[in-house]
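Undergrad: Please arrange chains E and F on chain Z, whose structure you already have, making use of the hints.
Protein chains in written order, with my numbering: chain Z, 969 to 1329; chain E, 98 to 399; chain F, 171 to 497.
Check before you lean on any hint, since a few could be wrong.
[Stated by the list, open to error] Below, a list of computed lysine to any residue pairs in the SDA-like style, where the Cα atoms sit at most 20 angstroms apart:
hint	chain 1	residue 1	chain 2	residue 2
1	E	136	F	435
2	Z	1194	F	436
3	F	371	Z	1141
4	F	371	Z	1255
5	Z	1014	F	326
6	E	136	F	371
7	Z	1194	F	435
8	Z	1014	E	229
9	F	371	Z	1259
Keep in mind the hints are simulated off the structure, nothing from the lab.
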Amino acid sequence: MLDSQMEALTDMATASATVELDPRDRGGAQQPLLIVRDLLKHFPVKGTGGKSVQAVDGVSFEVQKGETLGIVGESGCGKSTLARLLLHLIRPDSGELVFDGDPVDAPRGITVSALRRQVQMVFQDSYSSLNPRMPVRDSVAFGPFVQDTPKLQAREIARDMLAKVGLNPDQFGPRYPHELSGGQKQRVNIARALATNPRMVILDEPVSALDKSVEAQVLNLLRALKRQFNLTYVFISHDLMVVRYISDRVLVMYLGRVVELGPSEKIFSAPQHPYTRALLASQPSMDPARRMEEPPITGDPPNPIDPPSGCRFRTRCSFAEAVCEASSPGLASIGGDTAHVAACHMLDRASGHSLATAGSA
Amino acid sequence: MSQTATLPASPDTFEDQAAPETKIRSYWQSVGYRLRHDKMTIFFGSIVILIVLAAIFAPLLAPFDPYKESIIGRLKPMGWRNHTLGTDELGRDMLTRLLYGGRVSLLMGIVPVIFATCVGGMLGVIAGFMGGRVNTGIMRTMDVFYAFPSVLLAVAISGAMGGGMLNGMLALTLVFIPPMCRVAETATTQVRSLDFIEAARATGAGTFIIVRHHVLGNVLGPVFIYASSLVSVSILLASGLSFLGLGVRPPTADWGLMLSTLRQSIYVVPVVCALPGLAIFVTSICFNLVSDGLRAAMDVRM
Amino acid sequence: MSNTEPLAEVRDLQVSFVGRENTVHAVNGVSFTVNPGEVLCILGESGSGKSVTLRALMRLLPPQAKIEGTVRAAGQDVLALKGKALRDLRGGAVSMIFQEPMTALDPVYTVGQQIGETIRRHTGASHAQARARALDLLNLVRIPSAERRLDAYPHELSGGLRQRAMIAMALSCDPKLLLADEPTTALDATVQIQVLILLRKIQRELGMGMIFVTHDLGVAAEIADTVAVMYAGRVIESGPVGRIMSDPLHPYTAGLLSSTVHGQPRDQDIDAIPGSPPDMRRLPTGCAFAPRCPRRRDGCRTAIPAERFPEPNRMAACIAVDEAAFA
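Next up, chain Z with everything else stripped away, as it sits in the complex (with noise of 0.2 angstroms):
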């Protein structure tokens, strides 16, 4: 056999082997997990005449069996309303969701509570992530309590899940979350998630509120908890290098639309976007010898509310163009790689940007 088809069948060997199917699993390791079509949540804003917050404006995407997809975004871009969207915990205004090959809340798919026992999420650590008048140990069983699981089982699933997370359920479990630290109560926040077994999980900011050590040892434990439990994961944040370190693959939202998606080192080493460029230039360096004399981009993300025409980033991108105002790009793939998308006018020939190339390197 030819070197080249050794390795093709060798590469599909192992494609289909590191995809270990769920017992639940209907759609078979090819079908992605979850997809996303055209969802969209405006929020009407009161007294401004019909304005209203464009939250999610049409965001599609998709989310593979076992990976992690990333989601990175500054405030006012919609990731948080686009977890809540994705658990209906909002309920879109228009778009679908297909769960292993169901639609969701439609005719002939899967209920929302459906969805909800194959899919848990993850809170940022803040002080009303936990019930205050709840030990520890009733947060994490609740869940199984309330999907049909009787009390007492209930109970063991919370020690063994509270054990898994790293912390010790005799110690832990009857204490209240203000006597925790902010780093054992995103470990309880994560056992609470888990204690359903799910099957995909969505992480709202996870360690945005934690200390940077702390921070580290929850990467560490997500990763760890993903193996062992054939996790897939939505990992929502605002912090570039977290995202990077933790995805497979990225997707970046501005002012609630995809701007880029693809893998996580193809994005980081060749961004295509302007605002994934300014984003990622805009990382310190953590070498003051380094040190950036003028900022890569000016100006606050601008406010959902009242979006710019046609692109929403032509008010702070370097290479706005009439055409950018007329009409809002659509995701175009570079060079020819259908995994990495980019929504530019400058990456479409065909779109009269000046600087447009049919795809760069």
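TA: Just chains E and F now, kept in the frame of chain Z:
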């Protein structure tokens, strides 16, 4: 699922450094702790307890018969012939009347608050949790009652129903439902937006389960504090109703009614005639101060 | 004030908060100096005492705080000042910017009014003069359409602009020492870098000294000249920022560096510091970091490690740091 050791060695099971070294205390236990060390509240709380006990055990403590009149013994000063606190305008012993009167006044003060807390609290939690039109419907209805000053409203309801103790208590209950509802609704609305409620929803919990397990525990605090402060108001209002003749009928002993009937005799034995008023005042103030102490103990940020 | 006198001098500062149930020893013997034109970054995580230390420089602490030690700022003994003299110092020679501009700015007054009020209070200028100076300041902090923004309320400005407005307010009376308490922590990355660059530029232009509190090593790298790393209320390492970042001496600093997520390979665990920060109500005997330290040994728990000075300008409080090795 295998229990293999693929997880990093748990850093939080290191020695004792990680586990909080303070005693585990639930919220209510820490409230108890703070109360035990609050001397003022203990002092006034003791007075309240004494008053309540005195009212409960009135038949055992009272030296005389509350209804026994005496023509010659009318309006006598304190200490006259074993009447420690004097006699009223019909010759009945004041101390006895005060003890028995306490039963009525306390009952009329506390019972309406209990019922108003249950009804108003429930309405408030429903309004707060459901939001939207249910909330508007309930809260705006409450606002209608709010438009009336509580005293007038109590008088109006009680009068329309013909007076008497039961009607008085009903009137007071109706008067207290709107403010209790508002307190519960505010607390519920605040809790509703917290992350752990969303987390509960994310596990698929229905409204009823979320309210029972997550909301009530957090709302109970503010509601209880408010209820305890309402008791002092209620005692005043109840006495006021009785004073106006809308409460119990004579010859039943009741502090407000006693004040009313002793009004004309104030120039004869001023101290004795003021005693029912003093009883109302002391009881109300003590309840108020205990409620303040409760609030201080319960309202501390964790 | 002579040119050689340090702008800020703190020696053996101790701050404790006496509560009903227990006492929190927030700061346990902190010493440092800041010279004019120098930027000191106090680096530490939550509970390290960094914010309390900063506030002690202006005595902005609640009444139940017990402060001991020496605190000198802009040539004055801060702990001895009272009343009007203290108020003159605050906002005058020493000024502070906070983490949350939304709560640090009064929502019922416009930005121009607030800056103007500070100016008038400290310099006695007229309304018109104060307004002109406020406009100058807004331009200094690069707020676009400054004239219009003078009459804007805080809620009408975005986060980054609000932070710039707060910086303008802090600069209004030409402070010699600027204190910054995590001013960029709540900002987005693209805004954070703008504010950091701005602060650096202004600090250089005006020749101010600055003490910048942060928990982010990257921020320290961008703005500091010297760094003081705090843990459990003590400074455990200090030195020039370049040396500390490239060659940390204290195991905690080394742990912080390795656990900061910055380009580590994705298939490996991050080198995290195990355990949790200590309970400030009950500090262990000896070195507070010992329970979590990979290099701990017998002597660590017996006594608080003394400060060692292995290089000029560098300090590390760890018994594993041997002066002789650097001699």
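Undergrad: Each hint: holds or not?
TA: Evaluated hints:
1. A C-alpha spacing of about 61 angstroms is found between residue 136 of chain E and residue 435 of chain F, which places the hinted pair above 20 angstroms, so the restraint is violated.
2. Restraint check for residue 1194 of chain Z and residue 436 of chain F: satisfied, since their Cα atoms lie roughly 14 angstroms apart, inside the 20 angstroms limit.
3. For a cut-off of 20 angstroms, the pair hint linking residue 371 of chain F to residue 1141 of chain Z is broken: about 51 angstroms separates their Cα positions.
4. Pair hint residue 371 of chain F plus residue 1255 of chain Z holds up; C-alpha atoms about 18 angstroms apart against a cutoff of 20 angstroms.
5. The straight-line distance between the Cα atoms of residue 1014 of chain Z and residue 326 of chain F is roughly 17 angstroms, inside the 20 angstroms bound, and the hint therefore holds.
6. This hinted pair does not check out: residue 136 of chain E and residue 371 of chain F have alpha carbons roughly 57 angstroms apart, beyond 20 angstroms.
7. For a cut-off of 20 angstroms, the pair hint linking residue 1194 of chain Z to residue 435 of chain F stands: about 17 angstroms separates their Cα positions.
8. Pair hint residue 1014 of chain Z plus residue 229 of chain E holds up; C-alpha atoms about 14 angstroms apart against a cutoff of 20 angstroms.
9. A C-alpha spacing of about 12 angstroms is found between residue 371 of chain F and residue 1259 of chain Z, which places the hinted pair at or below 20 angstroms, so the restraint holds.
Violated hints, in rising order: 1, 3, 6; the structure is consistent with all others.
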